[in-house]
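Q: Sequence:
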Amino acid sequence: MGGLALLDGAGRYDSLAEATADADLVVGTTDLVTGRSTAYLRRSVPPERLGEMIRPFVGRVAVVFGPEDNGLTKPELRRCDLLVHVPARRDFPTLNLSHAAAIVLYALHRSRGTDDPASTPAPEEIALDGKGKEIFLEKLGEMLEETGYPRHKRAGMVLLFRRVLGRAAPGESEYRMMLGLLKTTRRAMRKGRGS
Numbered sequence: 007m008g009g010l011a012l013l014d015g016a017g018r019y020d021s022l023a024e025a026t027a028d029a030d031l032v033v034g035t036t037d038l039v040t041g042r043s044t045a046y047l048r049r050s051v052p053p054e055r056l057g058e059m060i061r062p063f064v065g066r067v068a069v070v071f072g073p074e075d076n077g078l079t080k081p082e083l084r085r086c087d088l089l090v091h092v093p094a095r096r097d098f099p100t101l102n103l104s105h106a107a108a109i110v111l112y113a114l115h116r117s118r119g120t121d122d123p124a125s126t127p128a129p130e131e132i133a134l135d136g137k138g139k140e141i142f143l144e145k146l147g148e149m150l151e152e153t154g155y156p157r158h159k160r161a162g163m164v165l166l167f168r169r170v171l172g173r174a175a176p177g178e179s180e181y182r183m184m185l186g187l188l189k190t191t192r193r194a195m196r197k198g199r200g201s
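Here the sequence shown stands for residues 7 to 201, numbered as in the numbering used here.
Source of the hints: derived by calculation from the structure; they are not laboratory data. Check the hints yourself; a few may be wrong.
In silico DSS-like links for lysine-lysine, alpha-carbon gap of 27 Å or less [what the hints assert, rightly or not]: (1) 139 - 159; (2) 159 - 197; (3) 137 - 189; (4) 159 - 189.
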């Protein structure tokens with residue numbers, strides 16, 4: 007979807023050397039990773055590190071993906087300046103080509119930063135609301151008292167909510183909605199008792 011312009015502009019080459027002739031940096035992908043000093047041919051970085059490394063670079067970067075069955079050959083690996091490896095399960099260390107490409111290209115895309123005008127915006131920051139949290143917990147305690155929740159369990163229940171809210175980190179608007187729910191519930195309880 008929306009890729010016709012890319013396909014129309016794509017070139018076909020008879021060799022990797024020809025395809026990467028105008029690249030300033032050639033990044034190859036490999037399904038093997040090793041820390042042995044003698045295995046320098048396969049020493050690689052993860053996709054996230056690749057993104058960090060090339061962020062300050064100015065120039066043409068070529069990313070080379072090999073076929074799914076055997077990957078890049080040794081001569082092709084020798085043409086690469088840098089290798090990237092997508093960590094996977096040892097039982098299935100080779101990813102489908104489309105998946106490997108998606109992961110590596112996503113890491114490169116994100117390395118451009120959140121100010122990139124060609125990128126969709128990053129998720130917005132959520133401002134914590136400690137005051138809203140304390141008000142909510144206070145009102146929750148009052149509701150527990152009104153419902154007749156056992157007195158010796160109330161502090162524990164409020165603490166449980168404090169921990170859950172700490173993990174969820176709601177913002178101001180979410181606390182307002184939860185406080186509205188408590189208010190409506192308490193009003194309905196009072197109305198029920200009055201009738």
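Q: Between residue 159 and residue 197, does the CA-CA distance stay at or below 27 Å?
A: Holds - the C-alpha atoms of residue 197 and residue 159 are around 26 Å apart, at most 27 Å.
Q: Are the Cα atoms of residue 139 and residue 159 separated by 27 Å or less?
A: holds, 20 Å
Q: Do the alpha carbons of residue 159 and residue 189 lie within 27 Å of each other, as the hint requires?
A: With Cα atoms ~22 Å apart, residue 159 and residue 189 stay inside 27 Å; holds.
Q: With the threshold set at 27 Å, check whether the alpha-carbon distance from residue 137 to residue 189 stays at or below it.
A: Roughly 17 Å separates the two Cα atoms, so the pair holds.
The structure fails none of the hints (numbered hints given earlier).
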